[in-house]
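Listed here are the chains, written in short residue letters.
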Amino acid sequence: AQTVTQSQPEMSVQEAETVTLSCTYDTSESDYYLFWYKQPPSRQMILVIRQEAYKQQNATENRFSVNFQKAAKSFSLKISDSQLGDAAMYFCAYKESNYQLIWGAGTKLIIKP
Amino acid sequence: DGGITQSPKYLFRKEGQNVTLSCEQNLNHDAMYWYRQDPGQGLRLIYYSQIVNDFQKGDIAEGYSVSREKKESFPLTVTSAQKNPTAFYLCASRILPDGDSEQYFGPGTRLTVT
Numbered sequence: 003a004q005t006v007t008q009s010q011p012e013m014s015v016q017e018a019e020t021v022t023l024s025c026t027y028d029t030s031e032s033d034y035y036l037f038w039y040k041q042p043p044s045r046q047m048i049l050v051i052r053q054e055a056y057k058q059q060n061a062t063e064n065r066f067s068v069n070f071q072k073a074a075k076s077f078s079l080k081i082s083d084s085q086l087g088d089a090a091m092y093f094c095a096y097k098e099s100n101y102q103l104i105w106g107a108g109t110k111l112i113i114k115p
Numbered sequence: 134d135g136g137i138t139q140s141p142k143y144l145f146r147k148e149g150q151n152v153t154l155s156c157e158q159n160l161n162h163d164a165m166y167w168y169r170q171d172p173g174q175g176l177r178l179i180y181y182s183q184i185v186n187d188f189q190k191g192d193i194a195e196g197y198s199v200s201r202e203k204k205e206s207f208p209l210t211v212t213s214a215q216k217n218p219t220a221f222y223l224c225a226s227r228i229l230p231d232g233d234s235e236q237y238f239g240p241g242t243r244l245t246v247t
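Chains as they are written, first to last, in the numbering used here: chain A, 3 to 115; chain B, 134 to 247.
These are calculated hints, taken from the structure and not from any lab test. Cβ coordinates follow ideal geometry from the N, Cα and C atoms, glycine included. Incorrect hints may appear among the rest.
[Claimed, not checked] Covered stretches of chain B, going by a simulated chain A footprint (3 or more residues, C-beta under 8 Å): (1) 148 to 162; (2) 201 to 212.
[Stated by the list, open to error] Which residues of chain A face chain B? A partial, calculated answer using Cβ under 7 Å: (3) Arg-45; (4) Gln-46; (5) Met-47; (6) Trp-105; (7) Gly-106; (8) Ala-107; (9) Gly-108.
Construct the entire structure; sequences and hints are all you get.
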C-alpha cells in the first residue's frame with residue numbers, strides 16, 4: 003500500500019530565511035500526483051503546490067517550490083523568504099489517478115520573528 | 134462566493150447520541166469527501182461520494198454514515214457506535230475527472246463528545 007512519510011514533526015525558521023520540509027512516499031506506480039497543503043491556525047486547508055510525476059520540471063508557486071526526486075520517491079517543499087503568515091501545519095499528499103489522496107502526518111512550521 | 138460550508142464550527146454531544154455534521158458546496162463539484170483529523174496524524178478518509186445517491190467507505194467508515202441526495206450536500210452522521218468520536222472533521226470536494234485537480238476544503242467542525 004502507498005504510504006506518505008513526513009519525518010519532521012516540527013520545523014522552525016527565522017523570518018526571511020529559507021526552509022525545506024521533507025516528504026517521502028512509497029509506490030510502485032509510475033504515474034501519480036503529489037501535493038503540499040497548508041493548514042494555518044484557522045484550520046482551513048489550502049493547496050500550496052502540486053506536481054505531476056511524469057513532469058520532470060519542479061513545480062514553483064511564487065516563494066514555494068518543490069524538489070521532486072522521482073527515483074528517490076522524495077517530494078520536499080522549499081519556502082523562500084519565510085513570512086509570519088507561513089506559520090502552519092504542512093501536509094504532503096499522494097494520489098494516483100482516480101484514487102483517493104493519501105496524507106502524511108504533517109510538519110508544524112514555526113516562523114521566528 | 135463559491136465554496137464549501139460546514140456547520141456548526143463547534144459541536145458538543147453526550148455519549149450515546151447520534152450527531153449529524155453538515156457539508157454544503159456551491160462549486161458544482163461532483164465528488165465530496167469526509168475526513169477525520171486527530172492530533173499528530175494526517176487526514177483519514179471516512180466516506181466519499183462521486184455521484185448523487187452513491188458513496189463509498191473510506192479507511193475508517195465504522196461508526197459513521199453518510200447520504201448524498203443532492204449534488205451540493207453530503208452530511209455525515211456520527212453514530213453512537215463510533216468508539217472515539219471526538220475529533221476535527223473536514224469536508225472536501227473536487228471536480229471530476231480529477232487527475233491533479235485540487236480538493237477544496239470546508240472550514241471544519243470540531244466535535245466533542247463527553
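Tested hints:
Three residues within the 8 Å Cβ limit are the bar, and the segment 148 to 162 of chain B against chain A gives 0, so the coverage statement is violated. Figure legend: the segment 201 to 212 of chain B, annotated as covered by chain A; annotation inconsistent (0 residues with Cβ-Cβ distances under 8 Å, at least 3 required). Proximity of A/Arg-45 to chain B holds as hinted, the smallest CB-CB distance being about 5 Å (cut-off 7 Å). Given hint, A/Gln-46 at the interface with chain B, holds; its Cβ is 5 Å from that chain's nearest Cβ, closer than 7 Å.
For the restraint placing A/Met-47 at the interface with chain B, the shortest Cβ-Cβ distance is roughly 4 Å, inside the 7 Å limit, so the hint holds. With its C-beta approaching chain B no nearer than about 3 Å, A/Trp-105 sits inside the 7 Å limit, and its interface hint holds. For A/Gly-106, the suggested interface contact is upheld, since its CB lies about 5 Å from the closest CB of chain B, less than 7 Å. A hinted interface residue such as A/Ala-107 counts as satisfied when its beta carbon comes closer than 7 Å to some beta carbon of chain B; here the least separation is about 5 Å, so the hint holds.
Interface hint at A/Gly-108: satisfied, since its Cβ lies 6 Å from the closest Cβ of chain B, which is below the 7 Å cut-off.
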